Amino acid sequence: MYAGKDSTATLQAVAEQLKVPLTIIARQAELNQALGQTEADDLRAMHLQATTALTLIDCYLLGLALAQGQTQLELEPVSLSSMLTSTAHDLYYLARQHGVELEVQVAGRYAPVMANRRGLKAALLSLGYDLISSNNTSGDNRYRHLTLAAHRTPHGLVAGMYGEYQDIEAHEWRTALKLCGQAGQPFTSLCAGSGAGLFVADIILRSMTTQLRVGRRQKEAGLAATFLPSQQLVFI
Amino acid sequence: MKRIVLIEPNSVLAKLYRQMLQKNGYDVVHVTTAQAGIDAVDAAKPHAVVLELQIPTHNGIEFLHEFRSYPEWNDIPVIVNTVITPERLQGLEESFTQDLAVGAILYKPKTSLDQLLLALKEQLP
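Line by line, the protein sequences are chains A and B. Start counting the first sequence at 1; every next residue gets the next number (my numbering). Start counting the second sequence at 237; every next residue gets the next number (my numbering).
Simulated from the structure, these hints should not be mistaken for lab results. Please read all numbers here as calculations on a predicted model, not as lab measurements. Even glycine gets a Cβ: it sits at the ideal position worked out from N, Cα and C. Mixed in with the good hints, there may be bad ones.
[Stated by the list, open to error] Here's a subset of chain A near chain B, in silico, CB distances under 7 Å, partners left out:
{"id": "1", "residue": "15"}
{"id": "2", "residue": "19"}
{"id": "3", "residue": "23"}
{"id": "4", "residue": "28"}
{"id": "5", "residue": "39"}
Same shape as in the complex, but just chain B (with noise of 0.2 Å):
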């Protein structure tokens, strides 16, 4: 079973998406913070992550930054699914794509259940 750790700071969305990925297989690691979310690929070794970049503390790209400090987890697949639009992030793809090795990037909104799992499996076939 493929393990996925959620990073997605409102409980109620985490929810939908883990029911979503638990039936589709996946097992699912959800925390909320940058921190946690740290020590949880720690524990959990999971297969890929998908991240909110909007999260208390220290946000995502902050995360991602320290998360690819560690050479260990250099092949796990991120995605990262924010409510950001993309608009903001213009300028931002290429650091993300290339030096953060971010496998996708998903505008939350606008990105349905089906498309989220899709992108997981580009990602981890």
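Isolated chain A, as found in the complex (with noise of 0.2 Å):
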């Protein structure tokens, strides 16, 4: 669905979600410059934004190659449970420097799922970076909580990355979907910007025969992919 004409208009979406990142870096060297300063946590912070910008283009890239047919991801055996906790470990620091609280959750021990793991760890990182960058809170100056998350469903194993979004509604991502790369914001309820993240992650997942959906889990909701578990293994 993102072939074509649709590649154009993600394309149009990560560049609208680029400014963010690097207006923070003009702005944080100008107040530097200002200040008379520059503080190791500020460089810091620069750094920490050119590299998430330089991380989407890359999650990008790789969505369109794979959108356009250009390169396969080959499926193999991919522990959910090593993949979210690696994931949450790349975006501790910019989790921080938004105030987020990152928590993994693995309910119990599963079989390796069939992804493959540098897709994988592409489409969860563009999840985190859009899901960690937007704040979403009706009351404000309090610290956000993320969870990274895998349960069990009769369908498969189920990841994602849910929040203090209720009010997610299945009907809205598909809209959003729709408006990739044409409207400013096509995901309200969930983040403030162009969504490219989300859409990048999208492609990705769907290269590896998933996608991303609206998900529960607890009290929290967010995005979320099932993946199929590896026979290879189940039948050991």
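Grab the two chains, each in its own frame, and use the hints to assemble them into the complex.
Written as structure tokens, this is what we have:
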């Protein structure tokens, strides 16, 4: 669904999204100059925003290559538990910068699922960037909480990210997919920007025969994808 | 001390604006959503509002319509500082400046901290 014309729409969404970290870098440099100081923390903040922007570009390019059939992701057994933990580790500093507390919750021990390590990591990072960098709390000045979680369903293992987004509805996500690149803010209940990270994550996940859907878990809601268990290991 | 309500969804960017505004003698109340913005204006009675249009749940235009529906806030200047490109806002300028009494519309990626400060000073002489 993202190939051809839609790839351009996604590129537009990515370009919109990149404005924010690049604006932060520019304003941070300007502020440092005005204050006559370059603190180590500020440099780290600029580095983090630049890295975030570059990673989103990489994820987009991967998604584009997949959508256009230029590359394929081989499915392999992947442990969701270790993937979620590793993603939380990668997102830690960005989350801290944005006042978000990350938690990994994997209920039980699960067999590996069929996915692709590189693709899944790219999808989770893209998803995480958008959810972390968009505040969506009704009450401000409180530490937000984002859970990276996996749980079992009759259809397979579901992995995703969940937070206090109680008002998310599945039809909103479907509408947002149609508005990708066309609307400045296609998914108002989840993120403030263009949602590029969400769309890029979805593109990559589709290449692994799954897709992002609105999901709920305990008292939290978010976006998640369903993966099939690795049959090879199930028979052992 | 002049008080500003800053409605900005990105907390990192908000921190930078807050630092700059505080350095220049402004008191800043930062919120991330439209509803929190209405609550903050009600509680803080600011001298001006700086608004990003792309905010979660209810967008900035909805905020502006609600904000201007309260007569007692009609004199509070609003500066729109947004990532939405000017081309996308074409056709809305008249509604912004006349109907919603927006004092200035700034394109955030191209607006330096000094330019934002200048816009505020023009609105709050």
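A quick look at each hint next to the structure:
1. For residue 15 of chain A, the suggested interface contact is broken, since its CB lies about 10 Å from the closest CB of chain B, more than 7 Å.
2. At its closest, the beta carbon of residue 19 of chain A sits 5 Å from a beta carbon of chain B; the interface hint therefore holds under the 7 Å criterion.
3. Checking residue 23 of chain A against chain B by beta carbon gives a least distance of about 5 Å; that is within 7 Å, so the hint holds.
4. Nearest Cβ of chain B to the Cβ of residue 28 of chain A: about 6 Å, under the 7 Å cut. The hint holds.
5. For the restraint placing residue 39 of chain A at the interface with chain B, the shortest Cβ-Cβ distance is roughly 11 Å, beyond the 7 Å limit, so the hint is violated.
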